[in-house]
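S.K.: Sequence:
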Amino acid sequence: MQILTFTLRAATAVLAASLISACSSDSTPAASAPVEAGDVVAVVAARAPDFSSGAVSLVNGDSFAAQNNLAATASDIVVRAAGAQFFLIERFGLTTVKRFDLDTPNTPTLTASTQDEGDVDDSNPADLILLSPTKGYLLRYGSGTVWIVDPSATSEADFKTGEIDLSHYDADGVPEMIAGVIDQGLLYVAMQRLEGFASVKNGYVAVIDTGSDEEIVTGDDPGLPGIELPLRSPTGLVRDPASDDLLVIGSGGFDGSFTPQFEGGIARIDTGAFTAELRLDDGTADDPTFGQFGELVAVTGSRAYFTAGTAFGPQSLYRFNPHSDAAPVVVDGFDAQPLGALAVDPLNRLWVARADADAPGITVLDVSGDAETVVRALIDTDLTPINIDFAIVPDLVR
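My numbering puts the first residue of the sequence shown at 330, with every later residue one more than the last.
None of these hints come from the bench; they were simulated from the model. All values derive from a computational prediction rather than experimental measurement. Wrong hints could be hidden among the right ones.
Stated by the list, open to error - Cβ-Cβ distance ranges computed for the label pairs, FRET-style: (1) SER392 to THR438: 24 to 34 Å; (2) GLY552 to ASP391: 44 to 54 Å; (3) LEU707 to PHE380: 17 to 27 Å; (4) ALA377 to VAL704: 19 to 29 Å; (5) ILE545 to SER631: 24 to 34 Å; (6) LEU707 to GLY447: 41 to 51 Å; (7) ALA500 to THR629: 34 to 44 Å; (8) SER541 to GLY698: 38 to 48 Å; (9) ALA706 to ASP501: 38 to 48 Å.
Glycine included, every Cβ here is placed at the ideal spot set by N, Cα and C.
Given the sequences, and given the hints that come with them, work out the whole structure.
M.R.: Laid out in structure tokens, this is it:
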């Protein structure tokens, strides 16, 4: 089954428009037609239940028909979509970025290593943050440097265009950069700062000017110029739709023997003052308020969702207001379930990954009312979804 076909010129135009709209939030976007469900394609990274393999699924945003087991690979992967293309980041052990057209999802148009010449350790690429059709930032979890890259490169030699040094955030030179977001011309990079696998100190967020690619000193410590977080092991950064602030979620991490450390939660970053304040706490080992925090998305300024629960076990889906002190509420039907990734599509529908080994897939929820309603109970992805992103492909290029 083929979901989409494209012309090269139209695909290039859509890629440019989608990246500029998504990332250039410090300028007024050009008027555009409303997005319809049929314009949306979900790009899903998925893994086998036993972690033996991985693949990509493409899901039509209207019919929810899925193409599964595309771009077969290993299980430690993440995907990023842009226009009529998607990027597959192959993490530990493979250290590769691949670019695909949506209509040829098994044939990469670019394959590039994420290792520098002379690298001894695995660079373990964590994510690709796209600024424009010709500029992005590759976060490398196993390295001290962020790569500046050209997403439109036609050869591996042209993919890396520069780098940004963040090695000063950890004594071993590897600050475990894990997540990033671009807002108002600034790149925010969350770092876990582990010692081995142990979470022993607070996370940090580096702030980088995307014009100069220079790090900004946000406080009084030039040695650690970023924003110290009031939590450990940050795993995600999202924009607050109602302000210029960011929300950051942290699991709290583990000690050296993988015992959960209840030092996580959700914090708000004031991007004007470059300060961070804890908004939700995960409690203590004796009294875990929510358990360990997992995924976080924001739909509107007054409506966001997170998952939390047992480490490597059942999770619950919570609704909360980031601007209120009201207690988060468990979403009906999502208490203590095998849950995974969360994502909000361009129509503000919530996609919730189901991590049940016997029935993996995605549930889609309408969250526009007081309570959530099910749009699609289960999209069968064959493998367990671990990350979801969205491409917008208008009718004119279909």
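S.K.: Work down the list of hints and note, for each, if the structure agrees.
M.R.: Status of the hints after comparison with the structure:
At about 26 Å, the CB distance of SER392 to THR438 agrees with the hint of 24 to 34 Å. Hint check: GLY552 to ASP391, Cβ distance near 52 Å, so the stated range 44 to 54 Å holds. Our hint of 17 to 27 Å for LEU707 and PHE380 holds, since their Cβ atoms are close to 22 Å apart. For the hinted restraint 19 to 29 Å between ALA377 and VAL704, the CB-CB distance of approximately 27 Å keeps it satisfied.
The given range of 24 to 34 Å is respected by ILE545 and SER631, whose C-beta atoms sit roughly 30 Å from each other. In this structure the supplied range 41 to 51 Å holds for LEU707 paired with GLY447, their Cβ-Cβ distance being about 47 Å. As the Cβ distance of ALA500 to THR629 is approximately 41 Å, the hint placing it in 34 to 44 Å holds. Under the hint 38 to 48 Å, the C-beta atoms of SER541 and GLY698, about 45 Å apart, fit the expected range.
Between ALA706 and ASP501, the C-beta spacing of about 46 Å keeps the proposed range 38 to 48 Å intact.
The structure agrees with every numbered hint stated previously.
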